[in-house]
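K.L.:
Here is how the chains run, residue by residue.
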Amino acid sequence: MIEKNELILAIETSCDETAAAVVQDGTKLLSNVVATQMDIHQKFGGVVPEVASRHHIEQMTVVLEQAVTEANVTMEDIDAVAVTEGPGLVGALLVGVNAAKALAYAHGKPVIGVHHIAGHIYANRLEKEFEFPLLSLVVSGGHTELIYMEEHGEYEIIGETRDDAAGEAYDKVAKALSLPYPGGPQIDRLAQEGKDTYNFPRSYLEEGSYDFSFSGLKTAVINKLHHLRQKGEEIDVENVATSFQESVIDVLVDKTYDAAKDYGVKQLIVAGGVSANKTLRARMEQRFAETDVELAIPPLYLCTDNAAMIGAAASVEYHKQNYASLNLNANPGLMM
Amino acid sequence: MNVLAIDTSNQPMSVAILKDSQLAAELTVNVKRNHSIQLMPAVDYIFNQANLTPKDLNLIAVSEGPGSYTGLRIGMTTAKTMAWTLNIPVVAISSLEMLAANLTYHNSYVCPFFDARRGNVFTGLYQAQNGQIANVKDDLNTSMESWLEQLQNIDETVHFISSTNHQFDELIKEKLGAQANIIQHSMNLPRASMLAHLALEREPTPVHALKPQYHRMVEAEAKWLEQNQSR
Ligand SMILES: [Zn+2]
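Chains A and B, in that order, are what the protein sequence lines are. Letter by letter, the first sequence follows residues 1 to 336 of the UniProt record's numbering. Letter by letter, the second sequence follows residues 1 to 231 of the UniProt record's numbering.
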């Protein structure tokens, strides 16, 4: 027998990764299996929800089997089943939610519904214990949020995007530059080679606001490209990538820095798919090096969607016995 | 044999438990509601009625489609995951065949169908004989009009059975006249117990390979194939 408080089997299917993991006490990862559909959606230039749902159902038990085998546990050892309840693609979420309920019901275990963003934040706890109060910047294809936490399981959104998510702006600009899907990593790579010559706008919104807005920037880039093409001028793709990325990162870093200072936090967690961005990581490290705020960015494999993060977030709910009932449903627009 | 059977392929939801191969509990609900919310509470209810627990199961039966994509995935994810975790076999059966099985003792042709929008249906042709139901024409997605024209070649009565709606009643009568008999009242609703009985006679599907039979490609995939073949 392992010395433990609890073992959670977690499932995540909110977008295009079918994932299952076994997490011990919310901090220790015993297995973390992710079946990605990246190459399947690549040819469509983005995630096609119905295609994603069809793949989830084909992968679900394969991924579950691998997760329990690698963790070397049986369902009898598991104390609860956790699953991403939302937000996400409804058809994709439904596969995970119904698999979780079937597992839990078959073995008489509780099931815990988890908010996807809580998962992204809690990915960090698999690496480093939280220090409260903390601030988390969650940046991904669907999210750009600043979340303040005074204790486990208590989330206060102090800033969020008013239009496009940062990752969404990356994907749209990449598309305008005819870069392959997914665009984020492509732009980050090109941006390493270029200079900030196009001076795109930085959208700070009104004084004191921690909200974000990236659609103006996205439009500025697309208009600029259109203009250059019309005049038959050469487009320096690297410089466009750098100029765009600098604008995004300046705003992300500045706002996060201000919020961290204003709220007097001890720890800053950068989470979500975009936290894989090299430049964002480097710039955050630079800015927070001189402060008392401890910067925590999870390793790459925990930044992108995975089930271990869902298991980590569920641990807190497990101790509160915050269980879902058998009528748990997928909730694509779930609030935090 | 203790069997759990699940059908969520269309608006009606039906779940049943056979205890020692006899129907112990069955619940069919025909309201417009989300199967993801209804299914597990319904399964729990029939387990309680049958005085069984999931660990007592020997087999799971599930309708594999055609039907609503989302509905199919809810039922099949539940059936598949439960079968995997309980380490018991799972049998997938056509949701059209399950419906046709309502008329097992009619000794005639049975045409089950579901609305597939824009004048199309998911359908197939079955024959009931001596308490058995046999597939005559494979399940497919087709225009109802051309399907009915094919059925004109059969010289016998065809029983039409559909749980979805009656929007095709006029067309059926127009094309087949007295040859057609449209099943009414509650006989046109799926019964998971029929699914369970059919499953007792069938080979299980390897659990990881189990997936819904949609009988229609995703539009984005169809488009992609078209573009890449014409090049
Ligand atoms: Zn995510």
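These are calculated hints, taken from the structure and not from any lab test. Some hints here could point you the wrong way.
As the list claims (entries may be wrong) - In silico lysine-lysine, DSS-like type, Cα no more than 30 angstroms apart, as pairs:
{"no.": "1", "chain 1": "B", "residue 1": "223", "chain 2": "A", "residue 2": "43"}
{"no.": "2", "chain 1": "A", "residue 1": "195", "chain 2": "A", "residue 2": "128"}
{"no.": "3", "chain 1": "B", "residue 1": "173", "chain 2": "A", "residue 2": "172"}
{"no.": "4", "chain 1": "A", "residue 1": "109", "chain 2": "A", "residue 2": "175"}
{"no.": "5", "chain 1": "A", "residue 1": "261", "chain 2": "A", "residue 2": "278"}
{"no.": "6", "chain 1": "A", "residue 1": "175", "chain 2": "B", "residue 2": "211"}
K.L.:
Now tell me, hint by hint, if it's right for this structure.
P.N.:
Cross-check of the supplied hints:
{"no.": "1", "hint": "B:223 <-> A:43", "in the structure": "holds (11 angstroms)"}
{"no.": "2", "hint": "A:195 <-> A:128", "in the structure": "violated (35 angstroms)"}
{"no.": "3", "hint": "B:173 <-> A:172", "in the structure": "violated (53 angstroms)"}
{"no.": "4", "hint": "A:109 <-> A:175", "in the structure": "violated (45 angstroms)"}
{"no.": "5", "hint": "A:261 <-> A:278", "in the structure": "holds (24 angstroms)"}
{"no.": "6", "hint": "A:175 <-> B:211", "in the structure": "violated (33 angstroms)"}
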